[in-house]
Amino acid sequence: MIWLFFIALVLLALFGMPLFAVLGAIALVAFHGAGIDISSVAVAMYTLAGSPLLVAIPLFTFAGYLFAHSRAPDRLVRVSRALFPGGLAVVALVACAIFTAFTGASGVTIIAMGGLLLPALEKSGYDRRFNLGLLTASGSLGLLFPPSLPLILYGYVAAVSVDDLFLAGLLPGTLLVVVLSIYAVHRGRRAGVRAQRPSLREVLAAVRGAAWEIPLPFVVLGGIYSGTITVMEAAAITAVYALVVEVFVYRDIPVRRLGAITRESMMLVGGILIILACALGLTNYLIDAEVPMQILEWMQGYVTSKYTFLLILNIFLLVVGCLMDIFSALIVVVPLIVPVALGFGVDPVHLGIVFLTNLEIGYLTPPVGLNLFISSYRFGEPVISLYRASIPFLLLLLAALLVITYFPALSLFLVRLAGG
Amino acid sequence: MAVARARLDGSRRARRVYDAFGALEVSAVVALLAALVGIGFLQIVLRNVAHRGLLWADPLMRHAVLWIGALGASLATSRLRHINIDVFTRLLPAALRPARRALVYGATAVAAFMLGVAALRLVASERAYGEIAFLGIATWQLQAVLPFAFFLVAYRSIVNLIRGREPDPVREGLEP
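Protein chains in written order, with our numbering: chain A, 5 to 424; chain B, 7 to 182.
Where hints are given, some of them may not hold.
[Stated by the list, open to error] Label-pair ranges, simulated between beta-carbon atoms: (1) TRP302(A) with ALA40(B): 16 to 24 angstroms; (2) ARG19(B) with HIS36(A): 34 to 42 angstroms; (3) VAL51(B) with SER165(A): 21 to 29 angstroms; (4) HIS57(B) with TRP302(A): 34 to 42 angstroms; (5) VAL51(B) with VAL259(A): 49 to 57 angstroms; (6) GLY54(A) with ALA40(B): 45 to 53 angstroms; (7) ALA422(A) with ALA108(B): 50 to 58 angstroms; (8) GLY231(A) with ALA108(B): 49 to 57 angstroms; (9) ALA37(B) with ALA422(A): 48 to 56 angstroms; (10) ALA134(B) with ALA215(A): 53 to 61 angstroms.
Just so you know, the hints here were simulated from the structure itself, not pulled from any lab data. Every value quoted in this text rests on a predicted model; they were computed, and no experiment measured them. Even glycine gets a Cβ: it sits at the ideal position worked out from N, Cα and C.
Produce the entire structure from the sequences given, and follow the hints as far as they go.
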């Protein structure tokens, strides 16, 4: 009977029932079945008010929406073009990575940056299919760079230091950008694209144009890495900074639009936090029932090496990544996987980086990777042609994923250097 | 269903109630976020310039996040913007869409209602306990947003069901 109920819920989930309602319903039934008062589910929800780390989520999300609705994307592209050599495709990769790191990973990068970059790339002479694949892949490229929301959320759910994660993501994130950049340079050469060298005047004008925004990454990241400010304080500074600069200095966003931007951004925050709220009760229950330990014991019967485990984990997470968005995947899967991974001797910080890289790739994995649909909508192309366009990028990212998975030092080197 | 939809669309009072809740929540979310940004920044200034902070600022900000999360989630319901997995809907023939909506929105309403009941029980037991969280505000008062939001989610899911609204998974959430 109870299994019938769970199967029905899973089916409803696959037909679009909101994930929080699915998780909440399972939690209610599980608690009730175990003879525990259902108010325990709400007790777990209230623990959301106990974490200073979660305060960073609405603040960073709000700042990200402000950037996305201002003309910051234009200025970012212009500055990147002036400062980074190597053709527009490489510029696009770098600019998208920075933009994604500061705006979370809600697909907003493709919407905000794609419209600027696609025509510019075509004018430079790259072929259209390459451009579409590039921009689709760039939509989630900056995920491993601080202060991205998925890093913070992983830190919260896995109870790992976010400061360590911010260090651990740097080299693997750079690897992903470099791998795609090499491919972009190669394709640019083949298409006969010439890297234009901007005049000194253009460089100065571009820098002056973005003079108010350029200091922000230095203030926030400098503050976090030097230990002068906490993640929560960095989020508050970013939000105030974005508000002052975009609304009052550049005046890109009229004050009357702030209400609508707040509403939109806080709906996304609510959507994430309500899943977290409903999942907390359920994961407490599963951990009390020692479900992760049972998974571990069962797996140890078949898998003995840490590296085989990681390979299986990669395959599993790629499937998860193309079915679920990154936030719900983190909330639902991480609490169950972390104890298992620890049992196989995987460092939880390294695990986090592997986890996020997988989910990042899942965004462009057919058939349901979200970036493919966002690109399809943004660029007016059928999804099928985006499948084809993103295959080379997908393969390159998978190769980089193997490197990130099997060389833990890439993630952990800087953490150890900092004495973590 | 068609009769219920016509009645709902026709009833100005039903629409006014629905919109009033939305307006109330949007104002609350805007005020809470403004407080979060303002107090967060003030706290940094105080800590670095005056070398002291406001004792109530931290719990206030943490609870503002709880409230923003609950109210934001309830607002997200009316725009069908909740995160979901949804692999099959795209493959569904148009004739089966109403059946999907009835099942999915109906189940969501029931789940949200029960979660609201669970939250209400927590609030009731906390109220009997009577603990003060900060600035003279009782813990149960801070928790009260949970049942409020879940009951609104249930209410809005039923309205979505009656109005027969379909989500647009890509367009929604990306443009204001």
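Using the beta carbons of VAL51(B) and VAL259(A), state whether their distance is inside 49 to 57 angstroms or not.
violated (23 angstroms)
Look at the Cβ atoms of GLY231(A) and ALA108(B) and judge whether their distance stays inside 49 to 57 angstroms.
holds (55 angstroms)
Look at the Cβ atoms of VAL51(B) and SER165(A) and judge whether their distance stays inside 21 to 29 angstroms.
Since VAL51(B) and SER165(A) have Cβ atoms about 26 angstroms apart, the given range 21 to 29 angstroms holds.
Should the hint that ALA422(A) and ALA108(B) are 50 to 58 angstroms apart at their CB atoms be regarded as holding?
Cβ of ALA422(A) to Cβ of ALA108(B): about 55 angstroms, so the range 50 to 58 angstroms holds.
Has the hinted range 16 to 24 angstroms been met by the Cβ atoms of TRP302(A) and ALA40(B)?
Violated, since TRP302(A) and ALA40(B) (Cβ atoms, about 50 angstroms apart) do not stay within the stated range.
Go ahead and decide if the range 34 to 42 angstroms is satisfied by the Cβ distance of ARG19(B) to HIS36(A).
The hinted range 34 to 42 angstroms holds for ARG19(B) and HIS36(A), with Cβ atoms some 37 angstroms apart.
Could you say whether the range 53 to 61 angstroms given as a hint is met by the Cβ separation of ALA134(B) and ALA215(A)?
holds (58 angstroms)
Note whether the CB distance of GLY54(A) and ALA40(B) lies within 45 to 53 angstroms or breaks it.
violated (23 angstroms)
Starting from the hint 48 to 56 angstroms, judge whether the C-beta atoms of ALA37(B) and ALA422(A) obey it.
violated (39 angstroms)
Do HIS57(B) and TRP302(A) keep their Cβ atoms within the hinted range of 34 to 42 angstroms?
violated (54 angstroms)
Checked against the numbered hints above, the structure violates hints 1, 4, 5, 6 and 9; every other hint is satisfied.
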